[in-house]
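Here numbering that gives the first Met the number 0 is used: position 160 in the sequence shown is 159, and no number is missing along the way.
No wet-lab data here; the hints were simulated from the structure. It should be emphasised that the depicted structure is a prediction, and the values quoted were computed from it without experimental measurement. For glycine and all other residues, C-beta sits at the position ideal for the given N, C-alpha and C. There could be a bad hint or two in this list.
EDC-like, lysine to aspartate or glutamate: derived pairs with alpha carbons at most 16 Å apart [to be verified]:
(1) Lys295 x Glu242
(2) Lys309 x Glu290
(3) Lys41 x Glu5
(4) Lys8 x Glu24
(5) Lys257 x Asp228
Derived Cβ-Cβ restraints for the label pairs, each shown as a range [stated by the list, open to error]:
(6) Glu27 x Gln157: 32 to 40 Å
(7) Ala151 x Glu32: 55 to 63 Å
(8) Glu152 x Gln128: 24 to 32 Å
(9) Leu162 x Glu28: 28 to 36 Å
(10) Glu95 x Glu152: 24 to 32 Å
(11) Arg286 x Ser62: 48 to 56 Å
(12) Lys160 x Glu70: 30 to 38 Å
(13) Glu281 x Asn12: 52 to 60 Å
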Amino acid sequence: MNLHQELHKALTNVEIPRAHSSLSELVEEMTVENGRVSIRVKLLPAYASKSQLRAWAEQAARSVPGVTAVEVSFAQTQAAPPRRQPQTPHPTKQLEFPQIKNIIAVFSGKGGVGKSTVSVNVAAALAQQGARVGLFDADVHGPNIPNLLGLAEQPKVQDGKLLPLYKHGLYAMSIGLLVGSGDPLIWRGPMISKAINELLDTTAWPDLDYLILDLPPGTGDAQLGLAQDLKLSGALAVTTPQEVALSDVRRGLSAFQKFGIPILGLIENMAYYLCPKCGHREYIFGRGGGEAEARKQSIPLLAQIPLDPKLREGGDAGVPIVVAEPTSPTALEFKKIAEALDNFQKEREKL
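Put together the whole structure using the sequences plus the hints.
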């Protein structure tokens, strides 16, 4: 077997998640000269980014003895990748949950905007309204839901299914409940989608009015995978007022809109600092950014959540602020979001 054939074999062993094709099938041109390999790859943004494809191609090529250097370039194409007949079922599949009325994703364009805190408090506010609510932590690299709810025990198994933990009126599941608190999750793209789908599918969710999905930040494998493999009722976008956060959330909005997923509204977190003594508002991260962006995107601005020390304290203690301080200005903002989601459900039921 010559070097070119060895390279083709190595690239064939790399499977593109959700595309049902190997990396070799996306190679438009490959040349080999004196151990230097040049690979031209068809770019399919719906399945993988340039950085992912480049890393996979370089790693596969460098694993072949005799290769001294690798250069990867891209050819933009809108065509679907050629399909092969897989020997085993593809790791992702269409997930169905007939016992759940609404599945709502909470996403952000970047980390550090308080997306998980928003997810927990919105879910708890819905439960306080009398809804049956589940909360799924899909942020496999930063699973914060156990800490925010004060959960420490591992889920029990019954009839081959994981039983979600119940606290603060919520049924919760997180990968963080299955691994040690200090153990890193060193997973690459294909493993992320597979792990999220398997955990979501093997959880024994009861009859629910809402399942809230706390997504990882950005628009990577986890978000695109769930958008394709799960019938989402809608999505909530979380941002902070400054432009660096708004520019990132725009990418997320665009990605969900391309998949035809309704954007139910924008939530501006850390909108201002409210002085507990005098009631003065200080706009630390800028003013009006979320409101202007919501108007630009033609979506509702559901809430402007203040920068509240009690919100952080509740998260550290594992008690959502809507439970610990239900009449506080911050809790009332989360309840506004829950009311908007309740109205959304009622409108869906009329259809």
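Can you let me know if the beta-carbon spacing of Leu162 and Glu28 is within 28 to 36 Å?
52 Å, violated
Between the alpha carbons of Lys8 and Glu24, is the straight-line distance 16 Å or under?
11 Å, holds
Holds or violated: Lys309 to Glu290, with C-alpha atoms at most 16 Å apart:
Distance ~24 Å between Lys309 and Glu290 Cα, so the pair is violated.
Verify the proposed pairing of Lys257 with Asp228, using a straight-line Cα cut of 16 Å.
Holds, at about 15 Å.
Between Lys41 and Glu5, is the straight-line Cα distance small enough, at 16 Å or below?
Since the Cα atoms of Lys41 and Glu5 sit roughly 20 Å apart, the hinted pair is violated (cutoff 16 Å).
Within 24 to 32 Å or not, the Cβ separation of Glu152 and Gln128?
27 Å, holds
Range hint 24 to 32 Å (beta carbons of Glu95 and Glu152) holds or violated
29 Å, holds
With 48 to 56 Å as the target window, see if Arg286 and Ser62 comply at their CB atoms.
53 Å, holds
Quick check: does the Cβ-Cβ distance between Glu27 and Gln157 fall within 32 to 40 Å?
The hinted range 32 to 40 Å is violated for Glu27 and Gln157, with Cβ atoms some 50 Å apart.
Between Lys160 and Glu70, is the Cβ distance one that fits in 30 to 38 Å?
48 Å, violated
Quick check: does the Cβ-Cβ distance between Ala151 and Glu32 fall within 55 to 63 Å?
58 Å, holds
Decide if the proposed pair is consistent with the structure: Lys295 and Glu242, CA atoms, cutoff 16 Å inclusive.
14 Å, holds
Of the hints listed earlier, those the structure fails to meet are numbers 2, 3, 6, 9 and 12, in rising order.
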